[in-house]
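Peer 1: Single-letter residue listing:
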Amino acid sequence: MKIISVAFKNLKRKRIRSFLTIGGVAIAVAVLVSLIGFDAGYQRALTGDIDKMGYQVLVTAKGCPYEAATLMLKGGGGLRYMEQAVYDKIVKDARIDRITPQLIATEFDKDRQNGQGGIALYMGVDDSYLKLKPWVKFKAGNWFSNDDADEVIMGYEVAELEQRLPGDEIFVPNLNKVLKVIGIFERTGTQDDGVIFLPLKSAQRIFNLSDKLTGIGIKLKDIGELAAFEEALYNEPGIQVISMAEVKGTIFNLISSAKVMTNSVAVIAVLIAVIGVINTILMSVFERTKEIGVMKAIGASRLDIFRIIWLETTFICVIGGIAGDIIAILGSSAVEYILRHILPYAPKGQLVLITPWLLGISFIGAVIMGLVAGIYPALRASSMRPVEAIRMGD
Amino acid sequence: MNDILIKAQKVTKTYKLPAEEINAVRDIDLEISRGEFIAIMGPSGSGKTTLLDILGCLDKVSGGKLEVFGKDVSSLKENFLVNIRRENMGFVFQDFLLISTLTALENVKLPLLFAGLREENEKATEMLKKVGLAHRVNHLPKEMSGGEKQRVAIARALVTSPKILFADEPTGNLDTKTGKEIFQILKELNQKDGLTVVLTTHNNELGSQAARTIYLRDGVIA
Chain A
129 MKIISVAFKN LKRKRIRSFL TIGGVAIAVA VLVSLIGFDA GYQRALTGDI
179 DKMGYQVLVT AKGCPYEAAT LMLKGGGGLR YMEQAVYDKI VKDARIDRIT
229 PQLIATEFDK DRQNGQGGIA LYMGVDDSYL KLKPWVKFKA GNWFSNDDAD
279 EVIMGYEVAE LEQRLPGDEI FVPNLNKVLK VIGIFERTGT QDDGVIFLPL
329 KSAQRIFNLS DKLTGIGIKL KDIGELAAFE EALYNEPGIQ VISMAEVKGT
379 IFNLISSAKV MTNSVAVIAV LIAVIGVINT ILMSVFERTK EIGVMKAIGA
429 SRLDIFRIIW LETTFICVIG GIAGDIIAIL GSSAVEYILR HILPYAPKGQ
479 LVLITPWLLG ISFIGAVIMG LVAGIYPALR ASSMRPVEAI RMGD
Chain B
449 MNDILIKAQK VTKTYKLPAE EINAVRDIDL EISRGEFIAI MGPSGSGKTT
499 LLDILGCLDK VSGGKLEVFG KDVSSLKENF LVNIRRENMG FVFQDFLLIS
549 TLTALENVKL PLLFAGLREE NEKATEMLKK VGLAHRVNHL PKEMSGGEKQ
599 RVAIARALVT SPKILFADEP TGNLDTKTGK EIFQILKELN QKDGLTVVLT
649 THNNELGSQA ARTIYLRDGV IA
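Line by line, the protein sequences give chains A and B. Quick note: the first sequence uses the numbering used here, first residue 129, plus one each step. Quick note: the second sequence uses the numbering used here, first residue 449, plus one each step.
Worth flagging that the hints you see were computed from the coordinates, not collected in a lab. Virtual Cβ for every residue (Gly too), placed ideally from N, Cα, C. Treat the hints with caution; some may be incorrect.
[What the hints assert, rightly or not] In silico EDC-like pairs for lysine to aspartate or glutamate, Cα to Cα no more than 16 Å straight-line:
| id | chain 1 | residue 1 | chain 2 | residue 2 |
| --- | --- | --- | --- | --- |
| 1 | A | K267 | A | E314 |
| 2 | B | K525 | A | E516 |
| 3 | B | K590 | A | E419 |
| 4 | A | K418 | B | D641 |
| 5 | B | K464 | A | E235 |
| 6 | B | K508 | A | E314 |
| 7 | B | K611 | B | D641 |
| 8 | A | K329 | A | D276 |
| 9 | A | K130 | B | E568 |
[As the list claims (entries may be wrong)] Footprint (simulated), chain B over chain A, 3 or more residues, beta carbon under 8 Å:
| id | stretch |
| --- | --- |
| 10 | 181-187 |
| 11 | 264-278 |
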């Protein structure tokens with residue numbers, strides 16, 4: 129028998145109380161892990177989303193930048209159009225490494241979402257699209273046979289949703305147009321997975337938007353020239369330049385106030401858990417005054433008593449920490465689901481990033497919490513005088 | 449070694465209450481020699497338990513001089529008193545005071561743990577056998593009768609081989625028959641093993657069986 133087992137057995141004295149206290153610690157740890165995991169995951173997912181666009185700068189028709197930012201991340205520029213002449217002018221700029229014009233069009237399809245109806249997203253692109261996004265691979269089929277073909281390449285998700293394979297046809301309901309599926313992209317983990325691509329010229333023709341574009345994606349040779357590049361386009365009428373760094377900043381701003389709230393919740397949860405642990409252990413110390421007294425009578429030193437109570441507190445927090453980590457792991461998909469529905473913009477990819485490192489740190493945090501919370505009750509117990517403790521209530 | 453284990457000279461214990469000071473025991477002169485069987489008797493409130501606590505180094509004296517095993521402990525602090533108790537003394541209490549979460553065997557092993565001694569299961573089991581509880585080693589206190597609990601408490605007190613056993617009203621919470629059995633165990637420990645036993649009781653029938661009785665009245669030896 130060891131001091132540690134004497135301490136552990138004390139937890140079984142009032143099982144429900146121990147269970148509830150451990151539960152409090154577990155919830156605090158789970159909240160912490162989820163929130164920190166969300167912080168890390170959201171930033172990573174958003175950065176990944178933006179990096180996977182392949183361009184650092186998007187030129188769009190003038191409009192509300194927030195609306196543009198949101199719409200753009202959902203698949204393209206705001207649905208305002210600019211003249212293709214702008215593209216023809218910008219494309220000559222020597223600072224540009226790669227550039228791709230885009231024309232986004234949406235059509236309501238009443239058959240989508242099991243008959244509820246939904247928006248189908250079309251994007252007209254040319255060959256430069258693949259140059260800007262070299263990681264995009266074909267799952268099946270090929271690129272368009274020519275730049276004005278009545279053909280589409282489907283993003284991974286939309287192809288799954290509509291159950292299409294190369295050689296199949298899709299129907300654009302409001303335009304009474306039938307298009308042939310020529311290829312399907314592999315999953316990219318970006319919004320492009322939900323887009324139906326068609327040649328730029330075909331898109332302009334089919335949607336009656338000749339010589340129109342919604343956006344131009346640009347990758348510069350040197351990111352350091354970004355400011356000068358934006359400056360040069362500043363006086364161009366009817367367009368605006370959005371750098372992806374700005375978009376990131378805008379979105380982080382949007383969620384930062386929510387983050388302050390959630391972080392406060394986490395801090396409060398931890399504080400409540402600490403107070404709960406101290407309260408439980410103090411109560412249990414006072415209930416056991418006689419037992420502590422008798423242990424002293426039969427030879428327990430102050431240090432022995434201190435260790436018993438301290439270990440007991442630490443046990444609660446260790447078990448709570450492990451339970452909290454498990455809850456966080458098991459609950460992460462639920463948290464992910466909820467966040468996806470309440471956030472103004474949720475990037476693709478994992479929102480709550482729970483790493484072994486994070487789990488380890490939270491666990492160590494819980495242990496430290498136990499060590500700190502245990503000091504006062506342990507001191508109280510160890511400083512009881514044996515005779516007073518034993519004779520209490522006599 | 450000197451055969452006088454404990455020597456009290458003019459020992460006084462005063463409790464300070466907000467309104468007054470109470471002399472729980474006063475001017476106690478007492479010598480306890482090896483192998484004695486002493487019953488401290490007297491009515492409730494006469495200071496029996498206080499005297500036992502002081503002799504057992506559970507409490508500090510307020511005045512006078514107390515020598516335990518030849519050492520003056522009058523002014524020692526709890527940090528030092530605990531070592532004296534651990535090495536030389538065993539304790540049995542009226543309400544048993546077993547640790548409720550530990551089994552009989554674990555309770556008996558506890559003093560070994562605190563003393564940093566090797567926890568020989570055999571030693572603890574042997575002690576339980578000695579008090580007639582070989583069949584109850586793995587039972588929790590709540591599964592045992594009062595008499596059984598007091599036997600465990602005696603085994604616990606003996607496991608570190610103390611020189612002296614203090615028992616505070618060891619039969620006070622037991623029925624007459626069980627009380628006699630417990631008293632008999634203490635007597636045998638004294639007679640067969642030569643263990644020095646000091647107990648308090650207000651049971652005259654049992655007290656009168658002790659080799660030596662000390663009567664207290666109002667904190668003074670009568």
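Peer 1: If a hint holds in the structure, say so; if it doesn't, say that too.
Peer 2: A quick look at each hint next to the structure:
1. A:K267 with A:E314: Within the cut-off at roughly 5 Å; holds.
2. B:K525 with A:E516: holds (15 Å)
3. B:K590 with A:E419: With Cα atoms ~15 Å apart, B:K590 and A:E419 stay inside 16 Å; holds.
4. A:K418 with B:D641: violated (30 Å)
5. B:K464 with A:E235: Distance ~91 Å between B:K464 and A:E235 Cα, so the pair is violated.
6. B:K508 with A:E314: violated (83 Å)
7. B:K611 with B:D641: holds (11 Å)
8. A:K329 with A:D276: holds (5 Å)
9. A:K130 with B:E568: holds (13 Å)
10. 181-187: Since 0 is below three, the answer is violated.
11. 264-278: As far as the stretch 264-278 of chain A goes, the hint is violated, because 0 residues have Cβ atoms under 8 Å from chain B.
Comparing the model with each earlier hint shows violations of hints 4, 5, 6, 10, 11; every other hint is respected.
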